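Student: With the hints in hand, could you dock these two chains into one complex?
Those sequence lines, one after another, are chains A and B.
Those letters in the first sequence? Residues 1 to 356, by the working numbering.
Those letters in the second sequence? Residues 10001 to 11202, by the working numbering.
Everything labelled a hint here was simulated from the structure, so no lab data went into it.
All values derive from a computational prediction rather than experimental measurement.
We put the beta carbon where it would ideally sit given N, CA and C, even for glycine.
Any given hint might turn out to be false.
Derived list of chain B stretches under chain A, where covered just means 3 residues or more per stretch with a C-beta under 8 angstroms from a C-beta of chain A [stated by the list, open to error]:
hint, stretch
1, 10036-10046
2, 10374-10387
3, 10430-10440
4, 10587-10600
5, 11020-11030
6, 11151-11160
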Amino acid sequence: MTDLPFTGENTEQERHVDLRTSYLGLRLKSPLVCSASPLMEDVDNIRRMEEAGASAVVLHSLFEEQLTLESFDLDHHLFAGTDSFAEATSYLPELSDLGLGPERYLEHVTAAKTAVEIPVIASLNCVSAGSWLEYATKLEQAGADALELNTYFLATDPDRTGSFIDAMYVDLISDIKARVKIPVAMKLSPFFSSIPHMASRLATAGADGLVLFNRFYQPDFDLDQLEVSPTLTLSTPAELLMRLHWIAILHGRVTTDLAVTGGVHSATDVLKSMMAGARVAMMTSALLKYGIEHLRSVERDLRTWMVEHEYESIEMMQGSMSHAAVAEPGAFERANYMKVLRAGALAFKNQAPPAG
Amino acid sequence: MAQRATIDGNEAAARVAYLASEVVAIYPITPASPMGEWADQWASECKANAWGTVPQVIEMQSEGGAAGAVHGALQAGSLATTFTASQGLLLMLPNMFKIAGELTPAVIHIAARSVATHALSIFCDHSDVMAARGTGFAMLFAGSVQEAHDMALIAHAATLKARVPFLHIFDGFRTSHEVATIDALDKDDVRALLDDEAIDAHRRRALSPDHPVVRGTAQNPDVFFQAREAINPRYDKAADIVQAAFDAFAARTGRRYDLYEYVGAPDAERVIVLMGSAAGAAREAVNRLVNAGKKVGLLNIRLYRPLHSARLLAALPPTVTRIAALDRTKEPGGPGEPLYLDLLAAVARAQADGSSPLTSMPNIVGGRYGLSSKEFTPAMVRSVLQGLATERPRHDFVIGIDDDVTGRGLGWDPAWSTESDDTLRAVFFGLGADGTVGANKNTIKIIGAETELHAQGYFVYDSKKSGSMTVSHLRFSPRPISATYLIDKASFVACHQFQFTERIDVLGRAMPGATFLLNSPHAPDDVWAALPKRMQRQLRELGITMYVIDAAKLAREVGMGRRINTIMQTCFFALSEVLPRADAIDAIRAATRKTYAKRGEAVVQKNLDAIDRTLDHLHKVTLPEPTTALSGFEIGARVAADAPGFVRDVTAMIMDANGDALPVSAMPDDGTFPVGTTRFEKRNVGDEIPVWDEDICVQCGKCVLVCPHATIRAKVFDTALCENAPVTFKTAKPRWKPFADMAYSLQVAPEDCTGCGLCVQVCPVKNKRQARLKAINMQPQAPLRDAERENWAFFDGLPDVDRGQLNLAKVKDNQLIQPLFEFSGACAGCGETPYLSLLSQLFGDRTVIANATGCSSIYGGNLPTTPWTTDRAGRGPAWSNSLFEDNAEFGLGMRVAIDKQQAYARELVSSLSAEIGYDLAAAILEGDQSTDAGVDTQRQRVVRLKERLSTLGGAEQPTAGEHAKRRYADLLAIADELVAKSVWIVGGDGWAYDIGFGGLDHVLASGLNVNILVLDTEVYSNTGGQMSKATPRAAVAKFAAGGKPTAKKDLGLMAAGYGNVYVARIAMGASDKQTIAAFREAESFPGTSLIIAYSHCIAHGYDMRHGMQQQDLAVKTGHWPLFRFDPRRAHQGKNPMQLDSRKPSLPLSRYVYNETRYTVLARARPKHAEALLAAAQTDVEERWQNHERLAAATNPKTDTGN
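Same shape as in the complex, but just chain B (with noise of 0.2 angstroms):
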């Protein structure tokens, strides 16, 4: 019997992929990284494949590096494989084209998501897959994890068969990130699918210097036409291999599946067409309606490619007279999208050649659903089925959301449910911080191998990396679960965070008689006063039975921190009765020993301790009588109603978790949206804030400077204005010369911060009464946030300092400046955001930014609300994503843009000078703007020359001709390019060593004046913490689950090996002196700057609050030597390389052990740790040396930055 498994959709096909396979090429993307993660671990386990030999597994440096070793590997006679999704998909095309022409059997698996376009999504659909139509790939769609686990296997075995090379696709985060319970394949069916004949033939094909050939030539137009249409015979016969592996499958497993498989009344007349996993949602809304006596079918396509339309015509039903086409991908512009139109093209053509085996012709339909994982839900389905029976059913239409723009949208019911009364539905509320989803996660698992049921898991994440929101939606049922969209009646809603009962609509998922319980600080008696109208009404008319806990209090007293996944998930087995209470809390101890035994006795302890002291914590609450009145309050506008309309309109229907409901001309359409929008989300994620002791504060402005979160600034003002300040407002003599007589204030955005405590730690100051304080301290936020945010109001409508008396390079000064970015949705204490802050306060309001995908993508430009703002004047930086791989490239190109825009207003502002004045356009063309003075002043020029061009060719010169009038029109469109423009490129280690390194390689030798900030946290982070050719050797990461074996590439030196490019290698913990300089220098470099910025991050496994410290480390162990490169020098006739850091004074270790992706090795593997950290010893010291030498080649004296 088929062992049964838990596991979600990616680990599914791993498994498969893992046995199936003697080469594995990872790389990582969204939502595709597990794949490769799992190989990475099996492979550093020792696994065998079904061979009995452990694949090889290597991470290249993008899905096209991916692509290409797969094709390498494959034609020297591997089984190879890969992993990937949208945007890496579209970079292996060209390699999938080669692949498939040679007629190689190989297997990529995808977890479809959408392909950016106006805006990045993480999220599914198809228009990934569907870009690679044409490279003759076979596509075999998965629509469940189960399946995602059979179809991998029936890629994998007629891929040999067929000579063709397959996608096996199913869909991101709905297959790939569920967890559920299948029947598990062993090494013993993959082998048994395998054909071993057709394995050996693949591997006699392979290029051998025994027996050679040549494969790959060049063709001309003689035969190159022939010669691909010789590979016909292959595409002909694989819809028939593909039949008989799962013909072949099914004898084996039991479980049969066909290309086209038709569900539904077998003499129906509508019939809907689709792939993926919407055939879930579609085939219980056609059950449903089945048995309701309607005629109408699902036709789920599970070959795509070769499409074999004699067979998928053979699956419709006879009776069919109306089709709908069901896309989960748009084509702009084309008469439909892609399944569309292949099935138009197959009933068409049968019918034209009287092939047909439908009674008649069928009018086709087509229509979109799910882009981006919009929800796609059995109601819909019906109201598709329903458009069908119209009259004229409408083409092109969309479901799932309302377009009020073009009329496409088809409405929907969305009360009607398939869902069924013996599926247990549970939905649970929680933060990220509280274990939540691991618990439920855990919960699938217990109830997996405990029960006969089966589980489902879903899990939906906010867009935020610190105090984000997680729902999860869990299903335990007696029969298989079809069900592939989100619970909208639940019979257990969990609450497992207080504010979330004002935040969220949480009982809008509850059903009437549902169980709810909520981890309240109040007691079973006081809860109910504590709640929002709302909820009491959903409470009473709902008769929902309700339970408390106070959670948060019982994990601190066992010492779970915040933690109350344990808790919380004994109470839902106690409420739930989804097991007997008694064996229940059995399975959860089992669970609980065998999920924490690895991370020590201590741990399991802990929890057990917790599950033991639950249930005395858990209360039943009583509900007030009916007849009383609703006492809870009203709950408040999710914005201030002074936020712009778009905010209050749009913003913060998203920021509710209610951006389904914004119809489609609320949305910009063009993926433009207002910058400065975190200012109003309010997020109060901080448990603590800090508070200024304005009395031993020394104004060094260190606190603000390395606030991720931009939540402390610093300002010095006229004390007249303190006359209406709060009564709590802080001020403090101002310690600067010049504003002696000025008031000084450090305030807090109490409700932006999120409690991180780098400020703190950084603070130089100690109290001399009590060691332990500082000039800022953390306290609870809860007692100060209402009059810190009245403090915060008004400090935030005081005027800032004149720039022009501030000297820049130091820290004390440029951090009155206003951060024109600010409440990031970055982790708590990033070690990232502290420098696009120094960046914006610096040249914010003259720079545009092109940033490469990744964290900073994610954090600066993820909906609902943009952390990029603007002075007071209006100006800030413009900012903007493209892909991950191009970011320099795209940052070139608004170099060239501007540069050229401004040639032309010079030669512009030349030729018209008499009109303009000569004295005005002289200045123009010969101001200074080296300096923010300069700047300033060319500013006040540009104003005036636009209020000249503007009355020019009017009143003032009736008789200006057209071509006069065209060159004014001309020079006032693009005088502002006559300011400096200040040119950004900012990415990550991912984009920069490895994706993106060609061209920024390209972009440090162009000479152009571009800046390129890398943010060096040494990992993938944004996907997970994959390595990078950035991971320092000896670290742990994930791909490098054994330790990273090689040494860090030195990207600092491969630049400055150019000559002519600025190179700054920086750590603000270390110095931020430095920092600051660097930032200057490359600014005011007239050629191209890079700057590598050590960004301390949650990757690295330590508590962040001590980032800034283990910067520090990080320099004084030589692992991050500083130095500034700077080819300005060289004409000085000095040495260009400056070493800004001492010799290493510490061992490497007393850095690398304060981190667990150090330790983790450490204890798991201590002898091969200890090898790697003294090769790492011997890097740094290597390094150093290097560096040394660099420096003091020229010039033996350095001109330390500290």
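Looking at chain A on its own, in the form it has when it is part of the complex (with noise of 0.2 angstroms):
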């Protein structure tokens, strides 16, 4: 496949191209979904995202963790030195709104809805069971179309068995799609030990759709302070390769919607997603670098891709080379892992020095 993206406009019969797909139960025009990044804190984005032509959007994460972080901190603060001293009973003034709830949030989620027609996905992340309840319902009550929730449990206990960590992510399911409407994505990260197990489980438990994968901030060592320092840097497409990975794995193999995020970058990387069986594909890195304008590229590219290539709808290929599709399943199993392991030994080999 030649190296996208193109260049120019669209012919007209690359705009008849269909590129509608539907994902959670929305209809949507494309599968070019943007996904939380800092630029959905401002409505302005997001009406730009969908003037450039973004299907839908996921917004940045309510995290429960820092609503809760934020208000210690305040709190600790606000109280320090307090009702210590006869002449300073207190420190700060009283503000009469502190701005701590999750209001400000659900405030964007509306403005968000208000702004734009494409539907708005929220995106929650919490850490105990009864916030995620209580944030959900008031995420359907501000008007979501729908809830991403993006989950992500570190497990630094060895008492802690995978089975019981995979369990909180089913009743987590379980009990937000007993309590909202609107329809359910779960983002999750690729540490699972049996990833097809875990998405069919979490179907099952109601999931409308899974979201592959998360990213996460990594610690890194400075040396010279010999201090750790948490990092993140934006995705390449080379991160997709994992995500396309397992999409075709599940496609068909669950009965969910299935999204790709994480090293989506262009048409080509759009393409690859939809045949591995993804319902939508989800930009974020490539926008924070490229622009939210780098949309409108690529869809451009993708029309001129399909029509060059004879797809007249992005339905016609989703799926169209998972698992079950492709002529050669071994290729995402253990065989190929074995055939790139030897051939990295090989590689290896030729390039070491002669002996002695």
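Tutor: Given below as structure tokens:
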């Protein structure tokens, strides 16, 4: 396949290519969805995304943990030193609204809904069961068209079993589905013993979609300061491969909609995602890197490629290269792994200096 | 029906003042500051006044400024008010004469407070308002929170009609800070009482170019007098107008007041006359005595000025034969205090002209009570009334203290009480950091809201800013509470910190059969054995029921840290049964939700969790059988046996919260106290202390430098001295070449450390095996205490290093010098005190300090103990505080005096050189004192001079004449002035930027050799974080609840503009080297020097252990560019301006959003905060460009101090 992007305007024919897809029961004009990033904090950006061709947006996450930490932090500092000394029974003015609840986020959801026609998917990152339910309901009331649960539990306790943690995810989705009427997707990390089993359980529990995969801050070591510092880099297309791999495996095996996120930078990436079996391809890093207008060129390239390769619709290609659909399913499985390893070993051997 | 509110006196007065005003000028001063804070907060929330518009609230640079602004606003036709106390009122006096002289309706609300005399006091008496008697302001006194609310409105109503301005006075702390349930007035009440016609008339009198007049003329002997007398009709009518306002108020609210209120027997023979909150205690005593058949009474003066003698006399029972007038002020040297004299005059005048309604001329005596909030109880009232029954009642008496010097004291029986059985009285001992006071305020609100009970709370704090003890006194009664004194017989006592059981006589305030709740780390079965014998005895003798809870453990479990407030509050409700238990828990839950909702759901849940888990941890203690012997320990002496006598006899009593028991003779009569007494206090407030890892320490001295309490010290000493060291005493090989054969030690004073952790954060060394560890690390104090106490004592006894061998420009070296400022009561992690400690190390042995009122005067000079101390030679900083506003002038006066004495001494040395010896005289006159060594040499010369002088005129010169002898004596008296003296003028930004700026500017212009150190926390820290002109744009502060909209004043560049002033802007956390260079240059500069020191502060709202890192960020973001402006450089052809920090390398947000004072606004009003931050970022850039331009002006190459 040739490298994209192409240039120039779409032809009349290209403009009529059917990009429609559906995701979480939402009818979308294309598979180009913008996913959670700081860009989402500004409604103007969301409006621009719609104008540039986004078919839906996933808002930045409402982080329960962040709200909690901010609450604790502010409470701690507003309390420190108070009622200790006769002359200064407090040190900061008592403001009537500290803006610490989810209200700002909820207002943002409503504002985004008012600003654009495309579906607005709210994203929620919680750590406690009670809050998930409460916030999910509030997001629904605020007008979100769907909900994406941004889940990631970092297992550090050796006594916690994998099955215990798996069950947490399953309980979570079933609890939330029992509470809200809007569709719910779950954004997963790739760190499960069996992703297909997990996906299947989540689907059974009611998940309307699965988003593969989350990306995380990774700690780096500062050798001068002997300190650990968290880092987050923008995704690269190389990261797409793992996503394609699992989407392709899951397509047809689980009943939920699948979405790719992480590494989608170009029309090529979108096409691959679709062929692997995704309903939508979500973009963040590319927009941070190239700007929101990048969406236009992705869509343009998509249309050009589809006409050139005689695809009438996105729907036509969805899952066409999934595990179930390809000629050599082994390519997704262990044999492929062995082959790559062997090739790698060989390559290494060839590069090694002569003995002695 | 009136709305009930549970508020304090300040809020009670402020609510009315706000509703009744259009312009509010404010300035912080304890205890009146909260009134201004409320006004500012309500205005920032756009709350309307009684006419539906938001009053204009403006902070001024001083109380003088506030009075001026009020005066102007009044002249321009507005309804204007202000709030103040003490020195603040004194600063308003000139304007008050004007406002009254022009017959302008206005009200100033006063939380009455002592005027500083031999000492500052923030507490209550009437010396301030009595100093305002001559201004022509009416003076209306309130005696309770309800009255402060009501009288505020009466004052606003009466002033409009009377055209006499009013002081509305209530007692500082006792009323201003007492929390009570009251019936609240609303907008309609205010509108109903304020006369529209009178308001219109006031507006018509406004200065206006549409109907111009001239007001404020200068008058000559021909007419001034007559014009002054022209006001009389207004004053003649004022009392009647107030009475009419009282009547109208009663008609509307049902609450009746009178100008002069009599309580007691209608046929009383003995009457006590007083005003203010004391009337509460007096009323209780009189009622009790009258019920017992005594013919006694109380006359409560509400309207003190203008005094309506006829109404006053009419209020007294005609049968009265003996009157005691009690004044809450002292006017030394007079025949009596003001109220006494007024009463005497009124009665005598009426007797003389035959108008007196009294049957006979009573014997009237005067006495003093309650100065600086000294307790005034019903028992004392009884004593005064008993004194009146004696054959010759004592005049000029004092009550409430033991005057063993002039015998003026009346004794009293402390056991006599008027407390009623149906009042629940509870006393709580807590720490500032544990939330006890906040919880109790909450409890009062709950009971005020959920029950019909009347509630009262009064809170007593100690004098320290860190680790301070709080005592809460709560009363709940089915009837209105008039007790205006502390609880002495509590039915419920709670001790929220176990260590208090030893430090304080917790059960001293318990009544028989009381309930005692103790937060204890010991289980119910083990706690008895851990108590001191004193407490065991009290528990047994008083038949106390005791409960324990390990609240600290539970608080940790639920993530509350040291805050045990919610837990202990739940226990109180469960045990006191002031509400049915289930209802009480529901009420606490609801109140918790309400209190913390704003702070986020997680905080609410944490507190609810604490409530839900509390009762499972609360246990009743089964006390041992009364027949068993007491097993507790005896409480040891408060201070070590080798402490000086004054410390043992006096200071220790104050430390033990027992200062009330000290007699007059124990006190110095002129306010002079010994230095160096904090070292005897041993407060043990740090949960953790730093522990030295001698193996990896690089001996840089940074931890010593930044320690706010001078509790980490370093020394090098002879290794031989280690032979007697305690076993755990640590040493290392010194990393100095000249000291290579000696020993180095870094030692912590374990019982003085506050555990702030600043030292650990600045330690540059990391342990290579465990990166979280440094060369000092925090560890729990308790297990280390005994061993480290011994180590500290040993270390303290080691000799100090010879300064002559040190390079004082280096931190490493100068931190081997003994600090002469130690163990202050400043906040843990204070950003100011490290600069003072450094100052004391560098120049302490020759320094005189003038200290502006503020944090530094409080931690520097608040009894019981003083941190300024001496070196082994007995030398150290001599320190004094004059006022807030005059500190620059105060220090300048010291300089002038020292210079004059030095000049005179030099003249004497010169003229007496033959007798002294030419060589010695010449050496003294010519000796170079620019270095430490030079100063030392001069000191030795002066010693020789004094020896010589003491022999002159004696046996050696039997023929010396009287004139010569006088000259020898003069020189002997001032010879020490021949040694160089360093004068330091120290204060905060409130002083330097605002109230003291005029004086500061004058001193800057004087060119005299003083060193000014501004400890810039960017707010009025001591009074609770109000905005000053040093507050940066975008920061929230009190009086700037919406974020300060204007940029920080650039005091440094303003001073540099003089050209001949040394100026440095420093931040120890960004460059300690530049800090030290600035101090040394400033001190050596032979003219005026100004150092502006970035001082992180608890009011900034972040964990102060990161204070030095924040300082660094302040510099790196350009908020605080470092520079030194040294006029001496100009003489060398260089640019005097040196920039010591680099171009801002980080956005301002990296610095500001670590601090709550900024983040709180970003959360509450994100868009507004964003705009302010953008403007602040522009400030930074422009300021940098400005600095850079100045530094580059004539010398492009700048010498960085880094």
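Student: If a hint holds in the structure, say so; if it does not, say that too.
Tutor: Hints and how they fare:
1. 10036-10046: It holds: at least three residues are needed, and the stretch 10036-10046 of chain B offers 5 whose Cβ sits within less than 8 angstroms of chain A.
2. 10374-10387: violated (count 0)
3. 10430-10440: Check passed, 7 qualifying residues.
4. 10587-10600: With 4 residues close enough to chain A, the hint holds.
5. 11020-11030: holds (count 5)
6. 11151-11160: Result for this restraint: holds, n = 4.
Violated hint for the displayed structure: number 2, the only one.
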